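*Asks:* Spelled out, the chains give:
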Amino acid sequence: MAWETVIGLEVHVQLSTKSKLFSGSSTEFGAAPNTQASMYDLALPGTLPVLNGEALQMAVKFGLAIGAGIGKKSVFDRKNYFYPDLPKGYQTSQLNHPTVGKGSLTFTLDDGTSRTIGVTRAHLEEDAGKSLHELFPQDTGIDLNRAGTPLLEIVSEPELRSAREAVAYLKKLHSLILYLGISDGDMSQGSMRCDANVSVRKLGDTQFGTRTEIKNINSFRFVEKAILIEAQRQIDLIEDGGRVVQETRLYDPDKNETRSMRSKEVANDYRYFPEPDLLPIIIDDAYIEAVGATLPELPDVKAARFQQQYGLSGYDANVLAANRDAADFYEAAAAECGDAKLTANWVTGDLQAVLNKAELDIACSPVSASALAGLIKRIKDNTISSKIAKTVFEAMVAGEGSADAIIDSRGLRQVTDSGAIEQMITAIIAANPKQVEQYRSGQEKVFTFFVGQVMKESKGKANPTQVNDILLQKLKG
Amino acid sequence: MTHMMNQGVAELAQSLARKDFSSVEVTQAFLDRIQLHNNDLNAFVTITGEQALAQAKTADAMRAAGTAGPWTGVPFAHKDIFCTAGVRTACGSRMLDKFIAPYNATVVEKLNAAGMVMLGKTNMDEFAMGSSNETSWYGPVKNPWDRTLVPGGSSGGSASAVAAHLCPAATATDTGGSIRQPAAFCGLTGIKPTYGRISRWGMIAFASSLDQAGVLTRSAEDAAILLHTMSGFDPKDSTSVDLPVPDYLATLDKPLKGLRIGLPKQHFAEGLNPQVEKLIRDALAEFEKQGAILKEVSLDNSHLSVSAYYVIAPAEASANLSRYDGVRYGHRCDKPVDLEDMYKRSRAEGFGAEVKRRIMVGTYALTAGFYDAYYIKAQKIRRLIKDDFDRAFSEVDVIMGPTSPHTAFALGSKHKQKDPVAMYLEDIYTIAVNLAGLPGMSIPAGLLNGLPVGLQIVGRDFSEGQLLNIAHRFQQATDWHTRTPGVGAGTGLKGDQ
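The listed protein sequences correspond, in order, to chains A and B.
Using our numbering, the first residue of the first sequence is number 1, and each one after it goes up by one.
Using our numbering, the first residue of the second sequence is number 1, and each one after it goes up by one.
It is possible that part of the hints are untrue.
Said to hold, decoys possible - Computed footprint of chain B on chain A, listed as stretches where at least three residues anywhere in the stretch have a Cβ under 8 Å from a Cβ of chain B: (1) 86–98; (2) 449–455.
Said to hold, decoys possible - Derived DEER-like restraints, expressed as beta-carbon distance ranges: (3) B/D242 with A/A332: 43 to 49 Å; (4) A/L132 with B/D242: 40 to 46 Å; (5) A/G190 with B/D390: 48 to 54 Å; (6) B/A410 with A/L95: 44 to 50 Å; (7) A/K255 with B/D242: 55 to 61 Å; (8) B/L249 with A/F29: 48 to 54 Å; (9) B/I376 with A/T248: 24 to 30 Å; (10) B/L447 with A/N34: 53 to 59 Å; (11) B/G86 with A/F29: 54 to 60 Å.
Honestly, the hints are just simulated from the structure, not real lab data.
Quick caveat, the model's predicted, so the values are computed rather than measured.
The beta-carbon is built from N, C-alpha and C at its ideal position, and this holds for glycine as well.
The whole structure should be built from the sequences, with the hints applied where relevant.
*Replies:* Put into structure tokens, the structure is as follows:
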């Protein structure tokens, strides 16, 4: 029987504001416990929240980037529950009036097909602190450094239909967030956390199946694996005559399985109500316009422009535009060397390979955009061949200097003196009568043998076009 | 010269400026008097003698150096709801019996900056929940007019202290009547300004959308001085309002000719003690004499105010008080076996019965399935109540009536009845003002069987200057505000001869 997986994602993005959502404490990661918790973060009596304007601006930026409606009036609510790392006994969040309303996200799958997924909403809320169970044998330690850190919770419609789509959606979201500069998006540090709502149904059914929620998945790979394994578990369960129970589950990457979190005896009732310590945020058109003016060119628009302006393939344009630094690097190099297509090949090809191997961001590339342009210029003006260029590039990565310096010091300049090439070819033809005979009797494949010999003799420096021309002429004899 | 113990803020400031006596002298005199009477009245929970004398000394030095402000060196007391750095802030609760805040409330900062001298911190109903000052962990406060009576609540300690001349003035807070009702019961001038006029930063929250700081004094002039000092926008309180603070003293004497006074018919109806009504009508006649016009108005939904309040206030309180969990500060039970045990016992031991009742009521009102029927409904009523006032204020300038239907009642008479609703009805005339966020005032309007009766004055948003002006004009023409507990010399209290 054919089954369909239905997925909705709730992604928590930690906004990269300097201070917390409602207090002036720093949001820096990794400080000694409780050194970044102010009186408000500790929920001392009489302390009050003051909204961080930067967080609001980031939320609005995101909303505009996904074409969402921006709540003209957004309201914070208190979500009540007791937990030691939740100092106030309530989390300040947005229930009925989120800052970001309905929008959508379009992404391209590896096979080139494009999908648009609805984003239900995105709301601002504060993070909780951390409970530390390992440090003390009998007690639980509480670290409130993270308490009050601003989060943007981005909720998708249940429109994703496979683990692959879910990952592509997430990657697109990740790309967008980095583009907007609203988060460092570092999943390993929890800057981006994902909850997946997963259900299955028979292909063709219009009703959704019962869903489970997999909490706090912290890498793209685990998102894919967790959804696959959870969907399979549900299918097996149903096929064996069982029923899926609506519950929260955890993904265990070591065992590659999801398991039920100890369910509470009663369902949580968070008793939401509007936070009386904060007035509703009224956002006017002028504000939205001002934030809109700060938006960078977004990936989709950029990719389209790359195709049109530089004649790149859709694939190359998307790859380059997905990462803002890569796109900037590309454009800088292309502008300097004047060959956009060749630059695209180098950035997505050799350079990307080097970066992947060294696990480096393009911002930390050992070869700068300008240096790469310097190399491409020498290919274009026939100083070196594409083949020699790879050798020069390797040397550049190794830090041996600019393309020109390496070409000079290693004597890699292409030989374009036709007299010299002709001399070499004459000698080679004379030394290989058997091959000449073969070529002349119709075995044209032998031609490459001669090219190889010339290149060997010239240490790869002979201009390939000239070699071809002269060889043809001489061999025809 | 009036005895220094009987001088108010304005008078003391003049005396200090004239060097009739020093701040240290007057501070010491009040400290001595607190020493003498506090065991009996239980008005102060903390007396900060050493700190007060040090502040007074600094104040005197500033006077000598010519760097003093007008109120520098004048002593006063803070309600124990305002956080004071280094001095315990218990909020009437065992939960915070050992809590010492590392910060000052904005109100505390402002009065410090004015050079005023804090004598100590006054008793109050636990977390400001009560109308008789009987819910305090530190025991009930007594009314200096009659020690068998309550002083009102929740600012009962401040009211008792000011009425007994243990201090010339005290800060207070009002969530449903907690300044005005004690003012009425103790014969004082009390003002609760418009919501947002005074910063709530550092003022321990009961019901955030209703809580507002104010003062208890013995004259409108003193109230004007303190209100001016305490008011203003505070970037630390998002609900504080960014409007300039007018010079309330400058407008105190404005004539009242043509003032339109609205009398809500609902506040002169069944339930009001007829003798109280008589005194209120007499007071109103004084305003007529000064050229004011009386007009009946209707606050159609006022009968719903107590019900709406007792949904909204407990709902907010239930969340505001969640932070007292024994984890970071405040009372923690002995040897908890696990987290749940710690939560349950710390809160069971730390909170008193009335606080627990309101947490439960509030939690219930916010519970899924009841939220619409209670919380949302109450918010709708709140809107209707505000609309009633808006309508009334289209016809009149201010609204007047009794602050309380009766005079101070006997200690234990309502608290011990185990009938919380009887106590809740205490605030029947005052609560709507908080729901609407309006400024409200109570001034002494007469004595009934030797006990003070309060006249409530309610104005439009940010009309504090007008209210103080009206109160001051009344006090220029009458002497009810100068009456002190008992008969004879001084305040009639033991040791006053």
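*Asks:* Between the beta carbons of B/G86 and A/F29, is the distance compatible with 54 to 60 Å?
*Replies:* violated, 33 Å
*Asks:* Should the hint that A/L132 and B/D242 are 40 to 46 Å apart at their CB atoms be regarded as holding?
*Replies:* holds, 42 Å
*Asks:* Does the Cβ pair B/L447, A/N34 satisfy 53 to 59 Å?
*Replies:* holds, 56 Å
*Asks:* Could you see if the CB distance from B/I376 to A/T248 stays within 24 to 30 Å?
*Replies:* holds, 29 Å
*Asks:* Does the Cβ pair A/G190, B/D390 satisfy 48 to 54 Å?
*Replies:* Given range 48 to 54 Å: holds, Cβ gap about 49 Å.
*Asks:* Starting from the range 55 to 61 Å, see whether the pair A/K255 and B/D242 falls in it by beta-carbon distance.
*Replies:* holds, 57 Å
*Asks:* Taking a Cβ-Cβ distance under 8 Å as contact, does the stretch 86–98 of chain A have three or more residues in contact with chain B?
*Replies:* Result for this restraint: holds, n = 4.
*Asks:* Is the gap between the beta carbons of B/A410 and A/L95 within 44 to 50 Å?
*Replies:* holds, 46 Å
*Asks:* Is 48 to 54 Å respected by the C-beta to C-beta distance linking B/L249 and A/F29?
*Replies:* Holds: the Cβ-Cβ distance is about 53 Å, inside 48 to 54 Å.
*Asks:* So is the stretch 449–455 of chain A in contact with chain B by the C-beta rule, three or more residues under 8 Å, or is the coverage claim wrong?
*Replies:* That given contact is violated, which follows from only 0 residues of the stretch 449–455 of chain A lying within Cβ reach (below 8 Å) of chain B.
*Asks:* Could you see if the CB distance from B/D242 to A/A332 stays within 43 to 49 Å?
*Replies:* For A/A332 against B/D242, whose Cβ atoms are near 46 Å apart, the range 43 to 49 Å holds.
In terms of the numbered hints stated before, the structure departs from hints 2, 11, listed from lowest to highest.
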